[in-house]
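Novice: Protein chains in written order, with the numbering used here: chain Z, 1 to 529; chain S, 530 to 711.
Simulated from the structure, these hints should not be mistaken for lab results.
There could be a bad hint or two in this list.
[Said to hold, decoys possible] Example chain Z residues on the side facing chain S (calculated, C-beta under 10 angstroms, incomplete):
id: 1; residue: Pro106
id: 2; residue: Ala109
id: 3; residue: Gly241
Virtual Cβ for every residue (Gly too), placed ideally from N, Cα, C.
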Amino acid sequence: MSTVVETRDHDGHHGPAKGFTRWLFTTNHKDIGTLYLWMSFIMLFVGGAMAMVIRAELFQPGLQIVQPEFFNQMTTNHGLIMVFGVIMPAFVGFANWMIPMQIGAPDMALPRLNNLSFWLLPMAFGILVSTLFMPEGGPNFGWTFYAPLSTTYAPSTVNFFIFSVHVMGISSILGSINIITTILNMRAPGMTLMKMPLFVWGWLITAYLLIAVMPVLAGVVTMMLMDINFGTSFFNAAGGGDPVLFQHVFWFFGHPEVYIMILPAFGIVSHIIETFSRKPIFGYSSMVYAMASIAILSFVVWAHHMFTVGMPLAGELFFMYATMLIAIPTGVKVFNWVATMFRGSLTFETPMLFSIGFVTLFTIGGFSGLMLAIVPADFQYHDTYFVVAHFHYVLVPGSLFALMAGAYFWLPKWTGNMYDETLGKLHFWLTFISVNITFFPMHFVGLAGMPRRYPDYALQFADFNAMISVGAFMFGITQLLFLFIVIKTIRGGKKATPEVWEGAGDLGLEWTLSSPPPHHSFTVQPQVK
Amino acid sequence: MEIKKTVKNLLGITLGMFAFAFVLVPLYDVFCEITGLNGKVTGPSFLSEESQAITEQRELLVQFMTHNNESMPWEFDSERSQMRVMTGNQYEAMFVFHNKTSKPMVGQVIPSVSPGRGAEYFHKTECFCFEQQLLAAGERIELPVKFIVDPALPKEIGSLSLGYTLFDITDRIEITKDLAKL
Numbered sequence: 001m002s003t004v005v006e007t008r009d010h011d012g013h014h015g016p017a018k019g020f021t022r023w024l025f026t027t028n029h030k031d032i033g034t035l036y037l038w039m040s041f042i043m044l045f046v047g048g049a050m051a052m053v054i055r056a057e058l059f060q061p062g063l064q065i066v067q068p069e070f071f072n073q074m075t076t077n078h079g080l081i082m083v084f085g086v087i088m089p090a091f092v093g094f095a096n097w098m099i100p101m102q103i104g105a106p107d108m109a110l111p112r113l114n115n116l117s118f119w120l121l122p123m124a125f126g127i128l129v130s131t132l133f134m135p136e137g138g139p140n141f142g143w144t145f146y147a148p149l150s151t152t153y154a155p156s157t158v159n160f161f162i163f164s165v166h167v168m169g170i171s172s173i174l175g176s177i178n179i180i181t182t183i184l185n186m187r188a189p190g191m192t193l194m195k196m197p198l199f200v201w202g203w204l205i206t207a208y209l210l211i212a213v214m215p216v217l218a219g220v221v222t223m224m225l226m227d228i229n230f231g232t233s234f235f236n237a238a239g240g241g242d243p244v245l246f247q248h249v250f251w252f253f254g255h256p257e258v259y260i261m262i263l264p265a266f267g268i269v270s271h272i273i274e275t276f277s278r279k280p281i282f283g284y285s286s287m288v289y290a291m292a293s294i295a296i297l298s299f300v301v302w303a304h305h306m307f308t309v310g311m312p313l314a315g316e317l318f319f320m321y322a323t324m325l326i327a328i329p330t331g332v333k334v335f336n337w338v339a340t341m342f343r344g345s346l347t348f349e350t351p352m353l354f355s356i357g358f359v360t361l362f363t364i365g366g367f368s369g370l371m372l373a374i375v376p377a378d379f380q381y382h383d384t385y386f387v388v389a390h391f392h393y394v395l396v397p398g399s400l401f402a403l404m405a406g407a408y409f410w411l412p413k414w415t416g417n418m419y420d421e422t423l424g425k426l427h428f429w430l431t432f433i434s435v436n437i438t439f440f441p442m443h444f445v446g447l448a449g450m451p452r453r454y455p456d457y458a459l460q461f462a463d464f465n466a467m468i469s470v471g472a473f474m475f476g477i478t479q480l481l482f483l484f485i486v487i488k489t490i491r492g493g494k495k496a497t498p499e500v501w502e503g504a505g506d507l508g509l510e511w512t513l514s515s516p517p518p519h520h521s522f523t524v525q526p527q528v529k
Numbered sequence: 530m531e532i533k534k535t536v537k538n539l540l541g542i543t544l545g546m547f548a549f550a551f552v553l554v555p556l557y558d559v560f561c562e563i564t565g566l567n568g569k570v571t572g573p574s575f576l577s578e579e580s581q582a583i584t585e586q587r588e589l590l591v592q593f594m595t596h597n598n599e600s601m602p603w604e605f606d607s608e609r610s611q612m613r614v615m616t617g618n619q620y621e622a623m624f625v626f627h628n629k630t631s632k633p634m635v636g637q638v639i640p641s642v643s644p645g646r647g648a649e650y651f652h653k654t655e656c657f658c659f660e661q662q663l664l665a666a667g668e669r670i671e672l673p674v675k676f677i678v679d680p681a682l683p684k685e686i687g688s689l690s691l692g693y694t695l696f697d698i699t700d701r702i703e704i705t706k707d708l709a710k711l
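All chains should be modelled from the sequences, with the hints used to inform the complete structure.
Specialist: Take a look at the structure:
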């Protein structure tokens with residue numbers, strides 16, 4: 001037998017296996033990246049369908065389509081799936097595909113661990129989604145699962161939810177360990193830390209945030225598990241615990257989590273803007289320092305999510321100023337993106353359109369964040385649709401736009417085929433218009449006092465809610481077009497050159513590889529000047 | 530090997546942060562004690578020597594509030610809703626517990642003082658909230674709280690509110706008993 005194997009040529013031996021086992025046992029960074037991206041794409045439609053149920057119910061005042069209990073399950077699972085099942089795994093998919101190619105490595109540092117990190121995820125979401133079909137229904141306490149809603153008053157399926165969070169947390173931590181190890185040990189000779197592509201920088205910082213806060217999330221759900229099943233009283237006032245403690249521990253995880261979902265997006269958008277402006281990014285080192293400062297500050301602002309629970313005035317002021325401080329590094333980044341475009345030879349292909357959309361709309365989300373940071377104002381905004389508008393502006397036209405931009409940007413590299421530019425632009429404009437119809441009016445109803453997470457609302461909010469629902473349906477249907485474009489590109493199209501975009505060859509190592517790249521990205525390490 | 534070293538360090542950080550989540554629990558209590566957050570009554574049950582040295586007394590209002598946590602069927606009330614007290618003197622306030630149900634139950638009272646900054650100046654020498662109350666079906670008892678307001682209480686605090694919330698912990702006691710049997 002062994003002689004037969006030895007006579008095979010090297011590439012044939014290492015080429016992708018055939019059929020289902022290729023995906024089940026793969027240790028190849030590109031295959032695992034593809035798996036991550038497809039899983040998050042599927043979860044986007046699952047979580048999106050839940051959003052459609054929410055918007056259908058809220059189209060008119062009164063209860064028409066679903067019962068309040070089910071509505072609560074929809075809001076909860078929509079949030080959980082979009083955060084943990086779409087945005088995070090999609091960025092891990094990009095990391096798997098792009099980091100080895102951008103740092104000149106053949107693969108990730110720990111390929112088998114990489115396989116495990118991915119296959120834990122379908123398990124985690126299988127557990128989570130299965131609760132919806134159980135007699136008691138799925139988690140219904142909001143994606144922030146505040147105690148005692150998630151402990152004393154939770155359906156018994158909360159135990160499935162806790163294990164699902166544990167499994168996805170382990171997956172994230174293992175993935176992050178892999179990414180940091182790859183970046184720190186496998187860079188091409190000559191690529192110093194301050195010569196790394198910004199996407200790699202974004203992910204290095206993100207991965208450190210993940211290993212710092214995912215264990216805290218694991219800790220908080222473990223405390224819940226013990227409160228529910230083993231008679232402890234971490235969050236139960238009757239036993240000497242404190243429900244407010246839950247909020248502190250949760251948001252100690254939760255706020256860095258927000259930046260986990262945006263730092264890789266900053267990286268992707270930086271690459272796209274420099275490529276289509278045909279000049280290197282403005283202020284590279286300030287971009288790196290800005291990301292690092294945002295990450296460090298993210299550990300000292302968590303209580304701005306809980307101004308209304310009762311805090312000493314000094315605490316409120318500290319968290320208000322610390323939060324506002326984050327606007328400075330973020331402002332540096334927005335300034336640098338605009339300065340990169342200034343007097344550049346701009347062209348507006350689909351990735352660039354999504355990136356410009358990102359910069360403008362993410363900034364709107366940032367400004368409403370500043371408004372929310374003001375303590376006296378926050379008492380009015382707290383738990384209204386204004387908050388919903390704010391975080392959807394930073395997550396949908398923020399993180400999701402960056403993901404779509406990155407997908408269009410690197411699809412020709414991944415598949416070897418150019419996507420359909422006309423359809424891509426159509427996708428962008430429909431998305432851009434519908435996203436604003438959906439989320440902009442939420443600011444108005446929020447300021448007028450409409451609370452979040454209710455299946456019904458006062459009559460005065462009816463017109464704007466009908467408008468929001470129409471926008472949401474438009475947005476939902478438009479994403480089917482995205483799915484169509486991606487499949488069409490995979491199946492064929494104009495062949496892409498190794499460089500793909502004019503002048504991109506000088507901007508990153510990934511453009512020096514063929515399109516599609518070889519099975520092992522860099523078998524010989526390139527030399528970086 | 531470099532890679533092994535990196536992985537070990539990162540696993541170390543992960544385990545450290547998991548432990549940190551649990552360290553946050555006592556840290557939070559310490560933080561609440563220092564700042565008086567949540568009105569946790571933490572002052573010792575006696576006056577410190579510095580406070581005893583203060584001879585100047587002043588009058589202030591102490592108010593009592595009783596709440597039943599949801600689904601707690603007992604009657605729980607204070608005999609008087611408020612008292613005028615002098616700092617440095619000991620007072621006694623009586624509270625009524627009445628188990629109106631037809632089964633024995635265990636209750637636990639959780640105290641809270643507001644404003645939070647006043648909590649550390651409120652010294653309880655005796656309180657039913659230090660222990661659990663087991664009441665037979667239909668049983669009615671009166672229990673005292675004995676307290677001293679510290680003469681060192683900041684001038685701007687003109688009144689203190691003592692809030693008591695009564696929790697039904699019958700089920701929890703049974704869980705603990707079940708666990709003890711294991």
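Novice: Each hint should be assessed against the structure and marked as holding or not.
Specialist: We went through each hint and held it up to the structure:
1. Pro106: The hint is violated - Z/Pro106 has no Cβ within 10 angstroms of chain S, the shortest such distance being about 14 angstroms.
2. Ala109: It holds, given that the least Cβ distance between Z/Ala109 and chain S is near 5 angstroms, below 10 angstroms.
3. Gly241: Where the cut-off is 10 angstroms and the nearest Cβ of chain S is about 8 angstroms from Z/Gly241, the hint holds.
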